[in-house]
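S.K.: Single-letter residue listing:
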Amino acid sequence: MQIISKGLTFTYNRKTDFKKHALNGVDLTINEGEFFGIVGETGSGKSTFIQHLNGLIFVEGGELTVGDVNLAVKDKKEKKALKKRLKELRYKVGMVFQYPEYQLFAETVKEDVAFALKNFHPEISDEEREERVRKAIETVGLDYEQIKNKSPFELSGGQKRRVANAGILVSEPEILVLDEPVAGLDPVGKKRLMALLHTLHDMKIVKTIIIVSHDMDEISENVERVALFSGGKAVMVCTPKELFLSDHPAVKRLGLPVTAFASKKLFEKGIEIDSNFKVNDFIEKVTEKYKNL
Amino acid sequence: MLSDLTFGQYYQAESFIHRLDPRFKILSLIAFVVMVFVANSFYGLLALALFLVVAIIFSKVPILQMLRSLRAVLFIIVFTVILNIFFHTSETETVLFWIITKESLIFSAFMAVRLITLVMASVLLTYTTTPVALTDGLESLMYPLKFIKFPVHEIALVMSIALRFIPILMNEADRIIMAQKARGADFDTGNIFKKAKAMIPVLIPLLISAFRRAEELGDAMDSRCYSSSKKRTKYRKLKFSYRDIIAGVISLLVFGAVVTLRVLGVGV
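Residue numbers (my numbering), protein chains in the order written: chain A, 43 to 335; chain B, 12 to 279.
Hints are not guaranteed to be accurate.
[Unchecked claim] Here are the simulated BS3-like pairs of lysine-lysine, each with C-alpha atoms no more than 27 Å apart in a straight line:
#1 Lys177(A) x Lys190(A)
#2 Lys71(B) x Lys126(A)
#3 Lys152(A) x Lys119(A)
#4 Lys208(B) x Lys62(A)
#5 Lys125(A) x Lys208(B)
#6 Lys129(A) x Lys233(A)
#7 Lys190(A) x Lys71(B)
#8 Lys190(A) x Lys126(A)
#9 Lys192(A) x Lys71(B)
#10 Lys248(B) x Lys118(A)
#11 Lys118(A) x Lys206(B)
#12 Lys71(B) x Lys160(A)
#13 Lys71(B) x Lys121(A)
#14 Lys202(A) x Lys71(B)
#15 Lys126(A) x Lys116(A)
#16 Lys206(B) x Lys327(A)
#17 Lys118(A) x Lys71(B)
#18 Lys122(A) x Lys71(B)
#19 Lys205(B) x Lys61(A)
#20 Lys311(A) x Lys246(A)
#21 Lys71(B) x Lys152(A)
Hints listed in this document are in silico derivations from the structure and should not be mistaken for laboratory results. Quick caveat: nothing in here was measured; it's all calculated off a predicted structure.
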């Protein structure tokens with residue numbers, strides 16, 4: 043499923059005096075199979091943009107297609123037709139919100155993870171549903187038998203987060219969108235979650251992964267392409283390396299990953315290291331340079 | 012979305028009405044409400060409506076925005092008007108069908124004007140007064156109740172916290188609704204019972220987050236040694252100014268005129 047956005051605009055509180063332009067014409071194409079990053083300062087429109095991708099927000103202006111679903115509906119009839127397809131779209135486009143553990147509600151972990159499956163496909167048999175719930179919980183690295191009948195509220199913060207993620211993965215989405223997925227996690231939790239995303243992507247369990255992040259190290263290390271949002275537009279769409287080499291003021295404010303920062307400082311001292319700013323590549327290039335001295 | 016709700020919001024502006032003392036605004040709203048029911052003639056209501064319109068113009072709040080806040084109570088107004096048309100008893104001749112008299116039509120029109128002015132006047136108060144000023148004003152007005160051991164300060168604190176958290180909780184509810192929609196929750200179809208049941212995945216996380224916030228707020232207040240028992244001083248002191256005197260004189264004149272009209276029995 044490819045995502046194509048052309049001139050997408052959106053305004054909050056459009057009909058009142060408190061209106062706020064969140065998107066001012068987003069042009070962005072995300073291909074099937076990409077590990078994609080979205081960066082930008084607070085209020086740059088990233089969250090508003092991703093909420094369009096599964097129809098949580100209806101398109102106000104511009105064009106947007108996700109796979110074969112046209113989300114930019116012109117009239118009431120088209121809107122009605124779209125509403126019928128929303129379930130299918132939301133099933134295929136999984137969306138993990140910021141701090142997803144705050145959406146847990148059910149009595150047991152098992153029931154909470156099964157929630158999406160019950161909504162999207164109520165016809166699935168109990169055995170099959172349980173099997174898929176087990177698979178999702180084990181995917182996020184929890185012991186199904188041990189945890190299935192616990193209340194989600196008695197778990198630790200990190201476990202809650204993993205249960206919430208399992209609640210999205212249970213639908214086996216083709217596109218997975220994560221808004222600040224590692225915010226508030228400890229270093230081990232961060233590493234584990236990013237490793238999980240890479241596994242899902244490499245094994246093609248989830249075809250496309252889109253992460254929204256403020257953390258430039260995370261972006262540099264993980265994504266293939268990145269879009270920089272600023273003032274409600276995707277002002278740059280490029281590789282992380284190109285992003286960190288650009289002199290766009292928003293990039294300066296967001297800061298650099300530690301490797302790019304080190305490269306810059308070394309360059310000022312007359313040492314040129316040409317890496318793609320991933321930690322392993324950077325270390326390798328530095329070692330090479332040092333050995334050739 | 013819930014955040015589109017505009018009823019009871021504060022509208023930021025620099026105006027004569029904004030700068031009035033909140034205590035004066037609260038008292039004059041109460042007086043206005045009483046006057047709306049004292050006025051039983053066309054001229055009386057007209058005077059009050061004009062008074063309100065002038066106040067709205069001076070408040071710099073866009074009139075369209077004021078009117079939009081009526082949407083929330085439109086149903087009640089229509090319902091009242093219809094009830095009054097059919098069930099207001101009077102002895103004069105019927106003009107339409109068998110039960111509708113000229114008097115009942117006039118009476119229900121009065122009722123509609125009364126309700127609209129009531130809502131608009133209270134909306135004007137919240138549009139032009141910050142929640143903090145509003146609760147400060149209420150606390151100050153309720154001060155005499157302290158002598159009968161009424162917990163004035165605590166009640167004012169509860170009110171200000173509640174007002175302060177309404178927008179935050181509405182945002183939170185919006186977020187949770189979106190998150191559950193992304194998991195396929197359906198809030199729009201089915202009968203009322205089905206819809207109520209569909210709200211459980213929203214209400215439970217919302218309640219939990221409200222409790223969490225309450226605990227955090229309590230800790231934050233404790234860590235700054237908050238106590239309501241001692242005599243507290245205020246950062247912002249309420250003071251009546253020349254504006255309140257001007258507005259007070261005008262209000263007294265208008266309200267006096269309304270009472271006079273009633274006593275003299277002019278109009279209906």
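S.K.: Hint by hint, note whether the structure agrees.
M.R.: Now the hints, each set against the structure:
Distance hint between Lys177(A) and Lys190(A) is fulfilled; the C-alpha atoms sit about 12 Å from each other, no more than 27 Å. For a cut-off of 27 Å, the pair hint linking Lys71(B) to Lys126(A) is broken: about 44 Å separates their Cα positions. Distance hint between Lys152(A) and Lys119(A) is unfulfilled; the C-alpha atoms sit about 39 Å from each other, more than 27 Å. Note on Lys208(B) and Lys62(A): the hinted pairing is violated, with a Cα-Cα distance of about 33 Å set against a maximum of 27 Å.
For a cut-off of 27 Å, the pair hint linking Lys125(A) to Lys208(B) stands: about 21 Å separates their Cα positions. The straight-line distance between the Cα atoms of Lys129(A) and Lys233(A) is roughly 32 Å, outside the 27 Å bound, and the hint therefore fails. For a cut-off of 27 Å, the pair hint linking Lys190(A) to Lys71(B) is broken: about 58 Å separates their Cα positions. Simply put, Lys190(A) and Lys126(A) have alpha-carbon atoms about 33 Å apart, too far for the 27 Å limit, and the pair is violated.
About 56 Å separates the Cα atoms of Lys192(A) and Lys71(B), which puts this hinted pair outside 27 Å; it is violated. Restraint check for Lys248(B) and Lys118(A): not satisfied, since their Cα atoms lie roughly 54 Å apart, outside the 27 Å limit. For the hint linking Lys118(A) to Lys206(B), the alpha-carbon distance of about 23 Å falls within 27 Å, and the restraint holds. Only pairs whose Cα atoms come within 27 Å are accepted, and Lys71(B) paired with Lys160(A) is rejected, the gap being roughly 51 Å.
A distance of roughly 38 Å separates the Cα atoms of Lys71(B) and Lys121(A); the hinted pair therefore is violated under the 27 Å criterion. Proposed proximity of Lys202(A) and Lys71(B) is contradicted: the alpha carbons are some 49 Å apart, above 27 Å. Our distance criterion of 27 Å between C-alpha atoms is met by Lys126(A) and Lys116(A), whose separation comes to about 16 Å. A threshold of 27 Å between alpha carbons decides the hint, and for Lys206(B) with Lys327(A) the separation of about 60 Å lies outside it, so the pair is violated.
For the suggested pair Lys118(A) and Lys71(B), the alpha carbons sit about 36 Å apart, so the restraint of at most 27 Å is broken. The hinted pair formed by Lys122(A) and Lys71(B) fails the criterion: a straight-line CA distance of about 40 Å is larger than 27 Å. Proximity of Lys205(B) to Lys61(A) is assessed by CA-CA distance (about 33 Å); at most 27 Å being required, the pair is judged violated. For the proposed pair Lys311(A) and Lys246(A), the alpha carbon gap of about 43 Å is over 27 Å, so the pair is violated.
At most 27 Å may separate the alpha-carbon atoms for a hinted pair to count; Lys71(B) and Lys152(A) exceed this at roughly 55 Å.
In summary, the structure is inconsistent with hints 2, 3, 4, 6, 7, 8, 9, 10, 12, 13, 14, 16, 17, 18, 19, 20, 21 from the numbered list given earlier, while agreeing with the others.
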